[in-house]
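Peer 1: Listed below, chain by chain, are the residues.
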Amino acid sequence: MSKYVPKLSELKQEFEKKKPALLKEDYSGKEWWDLPVEFRDGNWCFPGKPEVLEDLGFSNPRKWAATDADWQLPGGWEKTIKDGLKSRLKRFRSFKLFLDTCVRCGACADKCHFFLGTGDPKNMPVLRAELIRSVYRNDFPLAEKILKGFSGSRKLTAEVIKEWHLYFNQCTECRRCSVFCPMGIDTAEITMMARELLNLIGVNNNWILAPVSNCNRTGNHLGIEPHTFVQNIESLVEDIEDLTGIKVNPTFNRKGAEVLFVTPSGDVFGDPGVYTMMGYLLLFHHIGLDYTISTYASEGGNFGMFTSNEMMKKLNAKMYHEAERLGVKWILGGECGHMWRVVHQYMNTMNGPADFLEEPVSPITGTRFSNAAATKMVHIAEFTADLIYHKKLKLDPKRNDHLVTTFHDSCNVARGMGMFEEPRYVLNNVCNSFHEMAENTIREQTFCCGSGSGLNAEEFMDLRMRGGFPRASAVRQVQEKHKVNTLVTICAIDRASLPTLMKYWNPGVSVYGLHELVGNALVMDGENKRTEDLRESPMSGFGEDEE
Amino acid sequence: MKKVWLPLLMTGILCLIPYIGVQYAGLGYLFAIIIPCASLVILIAGFAIRMVNWLIRPVPFRIPTTCGQEKSLDWIKQDKLESPSHFWEAIARVLGEVLFFRSLFRNTKAELYAGPKLVYGSTKWLWLGGMVFHWSMLIIVLRHSKFFFSTVPPFADFLDNADRFFDILLPAFYMTDALVLAALSFLIVRRLRDLKLRLISLPTDFFPLFLILAIVLAGMSMRYVTKINVLPVHDQILTLMDYSFVLSGEIGVLFYVHLFLVCVLAVYFPFSKLVHAGGIFLSPTRNLCNNSRAKRHVNPWNPDIKFKSYAEYEDTYRDKMKKAGLPVEKE
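Protein chains in written order, with the working numbering: chain A, 1 to 547; chain H, 548 to 878.
Hint data in this document are derived by calculation from the structure and do not stem from the laboratory.
Any given hint could be a false lead.
What the hints assert, rightly or not - The calculated PhoX-like cross-link candidates involving lysine-lysine, where the alpha carbons are at most 25 Å apart (straight line), are: (1) K869/H with K12/A; (2) K24/A with K664/H; (3) K743/H with K162/A; (4) K664/H with K483/A; (5) K549/H with K155/A; (6) K550/H with K743/H; (7) K624/H with K391/A; (8) K17/A with K877/H; (9) K743/H with K19/A; (10) K743/H with K255/A; (11) K743/H with K30/A; (12) K155/A with K550/H; (13) K255/A with K869/H; (14) K743/H with K24/A; (15) K329/A with K877/H; (16) K90/A with K853/H.
What you are looking at is a predicted structure, and each value in this text was computed from that prediction instead of being measured.
Could you build all of it, start to finish, from the sequences and the hints given here?
Peer 2: As structure tokens, this is what we get:
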């Protein structure tokens with residue numbers, strides 16, 4: 001494992017020492033603004049490389065590290081931040097309201113996975129927001145200006161910028177705190193603004209900006225060029241043929257297809273995402289869907305969301321642009337978390353109206369997806385649930401009997417979309433052994449994987465293992481109780497990050513995409529006798545001599 | 548701790564101001580008429596300004612926090628309250644927050660056990676304390692409306708009667724007086740006892756609690772201890788309501804303390820965290836429908852952004868695309 005991973009025994013000991021309390025130290029008599037800002041191995045992400053910033057036209061490209069004493073901030077950075085703050089307060093009611101209305105009741109304090117995993121007080125959502133509020137109060141509302149000091153305000157200094165960088169990159173914009181806040185304050189909104197502001201002065205994260213630059217250039221985060229993209233899917237097609245004897249036939253950039261399929265590029269390139277991709281391909285073949293995949297709009301995810309509102313719009317624009325060029329009727333989206341936050345809550349506002357598309361209708365069941373009437377984009381779990389409900393799929397859930405499953409709700413799909421039942425319905429139809437995790441860790445109260453919103457960097461491993469601890473702890477409980485060995489998700493970041501988290505906290509649990517299990521269970525016309533799942537692991541009860 | 552004693556000291560000084568002003572400086576007119584009228588104007592104007600100030604800012608995106616199943620396929624049951632898709636459902640959601648503190652009701656307490664393992668217990672204390680405090684305050688304020696009419700309005704009369712806990716005492720003891728005291732004590736004590744709360748609390752969090760506590764104590768002392776004669780007070784308010792600013796009758800000094808602290812609260816209200824009372828109605832994570840895929844939401848300042856078009860993309864990769872057998876627009 002990475003050299004940035006904390007030693008499990010040491011981390012366990014740290015938890016052991018402070019239990020049942022969550023705060024890592026005794027802070028009595030201390031004030032949060034006096035606590036030092038400490039960058040150390042494993043708690044910060046490498047900054048954007050100068051060439052990446054230049055490619056994007058971003059401010060202040062330079063070589064630097066968070067551990068440097070001098071961050072080489074550009075001249076007049078204080079004004080840039082203050083003007084930026086002012087402009088955002090003007091454009092977003094949410095931002096202004098969330099800075100003004102917090103009563104510091106503390107309901108959010110122990111709801112953040114980063115707080116639960118680190119015990120660092122500044123990871124309590126209320127304090128995370130206070131990092132900005134304290135500066136805002138110093139400069140903005142009139143009455144609080146009179147009562148300076150009394151209202152907890154402070155000057156904007158380089159030290160504050162360091163603190164912002166540290167803590168606004170210890171928030172995955174998962175919105176769990178906003179579920180519990182009596183004022184509905186959403187820290188994700190505040191973190192988004194803070195990251196926009198930091199980007200204005202060149203304080204950034206390469207793990208976010210490199211994918212942004214790639215996506216702008218090649219169409220996807222991983223920077224896969226068109227020919228490689230096609231090759232990669234074709235190699236999956238070969239794998240499918242080897243396993244099932246079925247030759248699926250995806251098309252690329254084909255005009256006149258009924259549906260454009262867009263999924264995160266992690267499904268095309270990363271393990272275990274590729275198995276989910278194989279599941280999609282089998283499903284589309286099974287139902288004879290008239291679809292095409294684009295090498296240009298080859299990214300469902302959108303790291304622009306973790307950069308700025310404008311960048312989110314810019315990267316997202318490709319989907320509609322390509323759908324219009326290809327003349328498809330509607331768009332089908334794969335399994336992804338933040339992609340669906342963008343598609344569900346932002347896409348049509350930013351890049352719509354999509355009048356050149358039609359209200360999505362399933363060509364197989366005739367179901368009209370009126371919930372996507374304007375955006376014209378359907379989630380694959382909705383699509384598949386509808387197919388199963390109308391008995392259009394030949395499924396053999398026994399083929400997943402070697403897997404004892406639990407389901408991880410992805411933050412964005414849960415709290416930014418409200419999709420809870422569809423994936424469960426699909427899962428229950430493709431496997432025989434589904435066990436829910438504890439009530440306070442699923443659905444709208446689900447915990448983040450600890451690596452969302454562009455924090456999936458290798459050098460951030462210490463914080464990732466801590467931030468993922470609440471999720472891992474919940475999985476551990478079903479692993480012990482029900483012998484769960486399979487964590488099913490519908491998010492590409494989860495598929496990329498949870499395997500490491502499971503290896504660290506819960507060895508023996510593997511991570512699967514929902515449609516990988518669908519792919520396992522699908523009984524294809526004319527298929528070979530199946531004995532192995534898409535990962536080439538033996539299925540139970542299907543061995544050569546077991547019949 | 549400075550952030551506790553400073554607001555406490557401020558509250559103490561604020562109590563002394565009207566005491567000295569009325570008792571020794573003879574400024575009854577100032578404290579009975581000028582300050583109350585001015586603070587009422589500041590409260591109303593200030594609150595209106597804050598609300599307008601929020602309302603003029605656009606809501607660029609529809610960003611409800613979805614705490615329940617969205618409306619999707621016909622056979623999947625939608626959670627209409629936590630994932631509203633119609634205007635009235637969203638209104639119901641906001642009212643649930645305003646009247647019953649629904650989100651706070653979900654509150655849990657996380658604890659770390661050996662393993663390590665996290666366990667979440669249900670904890671309703673903050674919800675209960677908050678509800679008791681806010682509702683008692685509301686009833687107390689409404690009860691006070693009897694001072695503003697020559698004949699007591701029926702709703703104030705009803706509240707007054709319903710609120711009488713021990714009718715055996717004279718004057719009858721109000722239930723809400725005890726409740727608000729208990730809730731205030733709870734809210735203060737939890738900020739002092741819980742380490743997390745102590746860290747996040749600011750002087751501005753303690754000050755309104757101390758101020759309201761002082762108002763309640765002054766009010767209760769008048770009623771139950773010194774048994775102030777309310778008739779001149781009632782007369783005074785009624786004269787004021789007739790727009791005739793004359794100081795009439797003899798009013799006890801404790802009343803001036805009570806009234807002055809209320810004025811301070813009124814002035815403090817619009818410019819502090821207390822405006823959450825208005826802000827809660829506007830929270831975009833609660834008052835918007837979760838239907839942005841079904842109905843387009845418009846951003847008034849939607850920026851015009853240049854993105855890399857397909858044509859530019861094809862220009863970059865045409866040869867590679869052709870080699871891979873991908874269709875191209877231009878040969």
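Peer 1: Hints first: check each against the structure and report whether it holds.
Peer 2: Checked hints:
| no. | hint | verdict |
| --- | --- | --- |
| 1 | K869/H with K12/A | violated (55 Å) |
| 2 | K24/A with K664/H | holds (16 Å) |
| 3 | K743/H with K162/A | holds (23 Å) |
| 4 | K664/H with K483/A | holds (17 Å) |
| 5 | K549/H with K155/A | holds (20 Å) |
| 6 | K550/H with K743/H | holds (15 Å) |
| 7 | K624/H with K391/A | holds (19 Å) |
| 8 | K17/A with K877/H | violated (67 Å) |
| 9 | K743/H with K19/A | holds (15 Å) |
| 10 | K743/H with K255/A | violated (58 Å) |
| 11 | K743/H with K30/A | holds (11 Å) |
| 12 | K155/A with K550/H | holds (19 Å) |
| 13 | K255/A with K869/H | holds (16 Å) |
| 14 | K743/H with K24/A | holds (11 Å) |
| 15 | K329/A with K877/H | holds (24 Å) |
| 16 | K90/A with K853/H | holds (23 Å) |
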